[in-house]
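*Asks:* In our numbering, each number is its position in the sequence shown, counted from 1, plus 358.
Derived by calculation from the structure, the hints in this document are not laboratory data. Check the hints yourself; a few may be wrong.
To be verified - Subject to a maximum C-alpha distance of 20 Å in a straight line, what follows is the list of computed DMTMM-like cross-link-like pairs (lysine to aspartate or glutamate):
#, residue 1, residue 2
1, 568, 554
2, 568, 402
3, 617, 402
4, 568, 721
5, 568, 717
6, 568, 724
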Amino acid sequence: MPTALSMDVMMPAAGTARASSRPAWTSLALLLGAACITFGILWDISWHVSIGRDTFWTPAHMMLYLGGTLGGCVSGWLAFQATILDRAGLRGVTVGVWGARAPLGAWICIWGATAMLTSAPFDDWWHSAYGLDVKILSPPHSLLAVGMYGVVVGASVLVAAERNRSVAAGGAAGGGWMVIAANGIQLALASIMLTEASWPNLQHTGTFAKASSLLYPAFLVAAARYAPVRGSATKVALVYTGVLVSMVWLLPLFPAEPKLAPVQNRIDHMTPPVFPLLLVAPAIAIDLLFFALRKRSARGWDLLRIPAAAALFLGTFLPVQRAFAAFLISPAADNGIFAGGRYFGYLRGNGPRLHQFWDLDRDPLDLRSMVIAGSIALAASAVGLGAGSFLSRVRR
């Protein structure tokens with residue numbers, strides 16, 4: 359049964375039509391903030407593995423915190439507008455928190471921006487006290503990661519709510535491209551969490567299959583379930599690909615020199631991220647599944663959608679990515695397009711091992727791993743279906 363809060367968030371209320379006329383600059387600004395965060399963290403990771411952390415005031419850090427500040431300030435303005443300037447007029451399309459009001463997405467952004475900005479001085483102190491990059495998931499880095507994701511999720515919820523209100527008020531179903539862009543940026547940001555399990559050299563292991571099943575089916579199923587535009591899952595996957603591949607191509611154009619020891623791999627340019635996963639393949643399959651079942655709205659059909667989506671994800675993604683991984687670790691991929699072998703920073707030695715698959719003896723993709731990956735994909739698909747349903751109904 360829906361809770362009072364969920365009903366409050368979902369129900370279109372008086373003022374829906376009026377709220378749809380809110381200046382589009384707020385959504386565009388939040389989308390820009392989300393993009394700055396995602397591009398900024400990819401740039402920052404490259405900075406760390408190419409140069410090392412020499413100062414807090416790196417351009418990558420500034421871009422990252424610009425995104426958080428932009429998201430927080432725009433969301434703060436929406437809260438000020440709904441609480442002070444037009445409380446009665448915007449009451450029907452906002453959510454109350456401790457007497458203040460704002461759209462749900464704005465509240466999520468405010469919380470995320472606060473966490474991000476709190477982590478900045480905490481991170482600087484941590485490095486001063488314990489050294490440079492003692493470990494990736496230090497307390498300030500963890501707080502920063504949660505805050506970044508909060509801002510990007512908030513932007514996704516806000517643009518979805520604005521589109522839904524426009525449709526509910528009888529307007530054109532515009533704004534779908536903003537939802538796709540926000541969800542694609544969110545997927546790109548979330549994929550960074552799986553970097554250590556997603557090196558091309560590890561893409562034949564059971565861990566890679568399980569880690570991928572934990573994250574990607576949820577995003578693709580959510581997009582296909584919400585479907586703000588035709589082929590939503592495919593287009594979200596394309597945005598994810600565009601974000602990452604742009605950094606693969608752009609970062610190596612800039613010179614870099616390691617400033618921290620030990621230097622095991624002499625590099626003279628910024629290190630690119632790994633070439634993006636071929637999520638377009640399972641996205642197309644999942645879009646076709648939801649299109650085929652588009653007229654089956656009874657809840658019982660979800661019992662078919664969830665396992666079918668999980669099976670399609672594993673059945674398309676793993677074979678396609680398995681073949682592509684073999685190409686990525688080959689000398690043929692060592693070029694400016696695919697950046698094969700160029701994604702290792704100065705801390706990793708360059709040698710024959712870079713052109714081999716790792717951990718196949720202790721972590722094979724066997725029947726047991728496939729069963730576990732299938733169970734994880736099943737759960738992730740169920741989460742994605744719920745998330746897509748939420749995004750399709752949220753109004754505030």
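*Asks:* Does each hint hold? Answer for all of them.
*Replies:* Structure-based check of each hint:
Taking the CA atoms of residue 568 and residue 554, the gap is near 13 Å; set against the 20 Å cutoff, the hint holds. The straight-line distance between the Cα atoms of residue 568 and residue 402 is roughly 27 Å, outside the 20 Å bound, and the hint therefore fails. A C-alpha spacing of about 15 Å is found between residue 617 and residue 402, which places the hinted pair at or below 20 Å, so the restraint holds. Taken as a hint, the residue 568 and residue 721 pair is honoured in the structure, with Cα atoms around 11 Å apart against an allowance of 20 Å.
Pair hint residue 568 plus residue 717 holds up; C-alpha atoms about 15 Å apart against a cutoff of 20 Å. Taking the CA atoms of residue 568 and residue 724, the gap is near 12 Å; set against the 20 Å cutoff, the hint holds.
When each numbered hint is compared with the structure, a violation occurs for hint 2 only.
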